[in-house]
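Sequence order for the protein chains is A and B. The first sequence lines up with residues 5 to 111 when you count with my numbering. The second sequence lines up with residues 6 to 118 when you count with my numbering.
Warning: the hint list may mix true and false statements.
Unchecked claim - Each computed DSS-like pair below joins lysine-lysine, with the alpha-carbon atoms no more than 25 angstroms apart: (1) A:K46 / B:K46; (2) B:K61 / A:K49; (3) B:K79 / A:K107; (4) A:K111 / B:K46; (5) A:K49 / B:K46; (6) B:K79 / B:K61; (7) A:K49 / A:K111; (8) A:K107 / A:K46.
Note that these hints are calculated values from the structure, not bench results. Fair warning: this is a prediction, and the values are worked out from it, not measured in the lab.
Listed below are the residues making up each chain.
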Amino acid sequence: DIQMTQSPSFLSASVGDRVTITCRASQDIGNYLAWYQQRPGKVPKVLIYAASTLQSGVPSRFSARGSGTDFTLIISSLQPEDFATYYCQRYYIAPWTFGQGTKVEIK
Amino acid sequence: QLVESGGGLVQPGGPLRLSCAVSGFNFRNYWMSWVRQAPGKGLEWVASINQDGSEKSYADSVRGRFTVSRDNSKQSVDLQVNSLGADDTAVYFCGAGYYIDFWGQGTLVIVSS
């Protein structure tokens, strides 16, 4: 089965920092890749779909790129509300596997 | 809006039926999924069902024990869960979309004797 591996699992950053999170698929998934943000105690929220398309209403400081097996989520200037856990997910074709998550904490 | 129900405390080996009632969007147009999150852990995809219920997919960890179904006339999706073990303790979310565009608030399932 396909594996989705995120790195790092944890990162500590300051407000204003540029943050990069990567997600690697164990096989080619095309661009069927979504990124979610989950704040503590909250429901996940989709940020990006189709590997690089920003969901409506999501701030433009979020961007993403990649296709095939290697994907990246970028937060250009970290804001206080961005401290959360981020997950990638392969979708459309089973298994719709999530990455293990990347927790972004305040330095 | 997605509203899950049916969670609670269940004994190991027991069954449970989770339901998700949907409103506010055209349910018939959406794949529906169940995703769970064990306490303090990450998201785990559990199962998905296509728009007319003809295609169903399951995670290896639940295949043969869980069954997903939907009723388009009632705008609801269910997850029948059987042979529950401690590892199934989690908040179960239902979600709509190929990528999950809409999420419910989740229902907590605790498997314990």
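Is the Cα-Cα distance between K107 (chain A) and K46 (chain A) 25 angstroms or less?
Distance ~14 angstroms between K107 (chain A) and K46 (chain A) Cα, so the pair holds.
TODO: Would you mind confirming whether the straight-line C-alpha gap from K61 (chain B) to K49 (chain A) stays at or under 25 angstroms?
DONE: holds (24 angstroms)
(request) Take the C-alpha atoms of K111 (chain A) and K46 (chain B), compute the straight-line distance between them, and say whether it is at most 25 angstroms. (result) holds (22 angstroms)
Taken at face value, is the distance from the CA of K61 (chain B) to the CA of K79 (chain B) at most 25 angstroms?
-> holds (19 angstroms)
Next on the checklist: What's the verdict on K49 (chain A) and K111 (chain A), does the C-alpha distance respect the 25 angstroms limit or exceed it?
Outcome noted: Holds, at about 24 angstroms.
Restraint status (C-alpha distance of K46 (chain A) to K46 (chain B) at most 25 angstroms): holds (13 angstroms)
Hey, K79 (chain B) versus K107 (chain A), does the alpha-carbon distance stay inside 25 angstroms?
The given pair, whose Cα atoms are some 38 angstroms apart, is violated under the 25 angstroms limit.
query = Keeping to a limit of 25 angstroms between CA atoms, is the pair of K49 (chain A) and K46 (chain B) held or broken?
reply = holds (17 angstroms)
Hint 3 from the list above is the single one not met by this structure.
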